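Work out the full structure: start from the sequences and follow the hints.
As given, the protein sequences belong to chains B and W, one line each in that order.
The numbering used here applies: residue 1073 is where the first sequence begins, and numbers increase by one.
The numbering used here applies: residue 1073 is where the second sequence begins, and numbers increase by one.
Hints are computed from structural coordinates only; laboratory data are not their basis.
Since the model is a prediction, treat every value here as computed from it, not as a measurement.
Watch out, some of these pointers could steer you wrong.
To be verified - Just some of the chain W residues that point at chain B, by a computed CB distance under 7 Å: (1) Asp1088; (2) Leu1168; (3) His1321.
To be verified - For each label pair, taking beta carbons as the anchor points, the in silico distance ranges come out as: (4) B:Lys1285 / W:Asn1286: 33 to 39 Å; (5) B:Val1178 / W:Asp1307: 24 to 30 Å; (6) W:Gln1139 / B:Phe1281: 53 to 59 Å.
Don't be surprised by glycine CBs; every beta carbon is placed ideally from N, CA and C.
If you want the building blocks of each chain, they are given just below.
Protein chains: 2
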Amino acid sequence: MKALVYTANQQMIYRDEPDPAPGQDEALVSVQSVGICGSDMHAWMGHDPRRVPPLILGHEAVGVVLQGSEPGKRVVLNPLITCGTCDDCSGGRQNLCAHRDLIGMVRAGAFAEQVAIPEQNLIEVPDGMDTSKAALTEPGATALHAVSLAEKSSARPISEASALVIGAGSVGLLTALILLDKGAAQVDLAETNPLRRQTVIDHTDCRIFDPIKNPPRQNHYDLVFDAVGNAKTRDTSIASARPGSIIVHIGLMDNKGSMDVRRMTLQEITLIGCYTYSPLDLRVTLRKLHSGALGTLDWIESRPLGDGGGAFDEIHNGDCAAPKVVLQI
Amino acid sequence: MKALVYTANQQMIYRDEPDPAPGQDEALVSVQSVGICGSDMHAWMGHDPRRVPPLILGHEAVGVVLQGSEPGKRVVLNPLITCGTCDDCSGGRQNLCAHRDLIGMVRAGAFAEQVAIPEQNLIEVPDGMDTSKAALTEPGATALHAVSLAEKSSARPISEASALVIGAGSVGLLTALILLDKGAAQVDLAETNPLRRQTVIDHTDCRIFDPIKNPPRQNHYDLVFDAVGNAKTRDTSIASARPGSIIVHIGLMDNKGSMDVRRMTLQEITLIGCYTYSPLDLRVTLRKLHSGALGTLDWIESRPLGDGGGAFDEIHNGDCAAPKVVLQI
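Structure (structure tokens):
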């Protein structure tokens, strides 16, 4: 099969690879659409010690079952593979499973014509749903999970809360769209890339702004979502959070810099680390995307898998206007 | 009146001061017992920009009303003075009030024969309760508040949770005692000072250990309480917290060092900043202390107010075996 392979720092090669061999209780899926994630970018930059080249990246995938119990079924992949039996898995917090794995991390991912994955990780795509938009299920579930964590910890219901979302990549944008769908009182989306800001303005109702030109109001927000995760955005999060507020830390850009834990303590600010989603988050997100609750989703951009390497370069250079590039096979 | 006055870095002078003049709706209280708090120590070290000498410190006080609506009543002081009308005050989160003040911070504290305080900040002490033990209400309410925040955020009930408490000053020790009273499955109390460890062994049922000799188990605890709050204890907190766990950050020793926010994110660890208490926390704590639920409380040490300066030196030098020194007038 053809695959886009991460071979070295900032190097992707489109080449022939052996077809995957599904293990026991696994299906073989013919990939149709697969999104490029910030964590794929991070790996390609050589910043993720868990992802060692040569490796087929990619985990935001939709395809058709080739081999398995239901051949021909169109499916979204839950890329997070967990044991299914530990306390966390049985408690609905599969994302905390000590044995968790993700496709495109150690085992091969979905930047390829085919991918093998456990049968239980397949979620049926509703009839009539656009395949590329279904590929937003994975980042959307990350966003839904982040909003759910905030909702559970917040003293105020979302409908009375003011929210700041930092970063308008797909996770940040979907977080803002989910907050708007839940009726949040105020949703401000911060993004430094002017091309992305324009795309968001053109295709959504989000209020988006440049945080460099207009720093977010300090000591103001009930909920802050950091979908970037670097020293600067953490500083912004803590400064803009009001007393008793919630910061959800989603992005993994760097692990540097100190945090103003004194302010967090004196103002009772909570910081929640947020990683992926549960199977239920994925299902709910797929339904939400299909229902139109999150808008037209016309802000995605499609490219052939063979051109994926160029997309990585463009995204890295800030030349890509779309919050999400979906590769098509 | 006589008062113990913080006059300069690491300097306390016992001297004559003008009697306080209660304002409108304020009572004048004759102080009987007043504890030395870690934040008093911090101020005395010159590390708290909010507390500027010369200043009468002290806010963990019990006394008798001299002037006010109920003269002769024995009362615990709620040292946190709030507006009473903002959203936070009316929502029961008075500790977040933007107009909050604490006695011994800007206005005069209770290391004195008399202190003025709003009538609404007085809580009646039950008949027969020892005055020195009632002075544990304020640190106890801080501990109760911390446990309540953890309880609300934790996926597991306290009775199924393993907890690590870092620091066996009064707040840390009371946190451990409250967790034991709530039936926590495991409570481990870390303290580096051998004198304090011995006091805890002699007077409580807490399992206490030296974290330098025996570092706490990594990736293990459902709940971690950092009652110290420095770079080292934050590192220990994050390393020892299991996936999906809660860290409550109570101490304010320093604001330095970076935090492993990558681990917090990948393992969905939540860090909750925790500051003081609500009036309800104080009342519940006073009842708990009086009921015997938190043990005999015989680990406090009494000294005359005039000897308070020496107590500051001893605590600072690690020569004080008691988790709490209560000054008596």
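If any of the earlier hints don't hold here, list their numbers in rising order. 1 and 4
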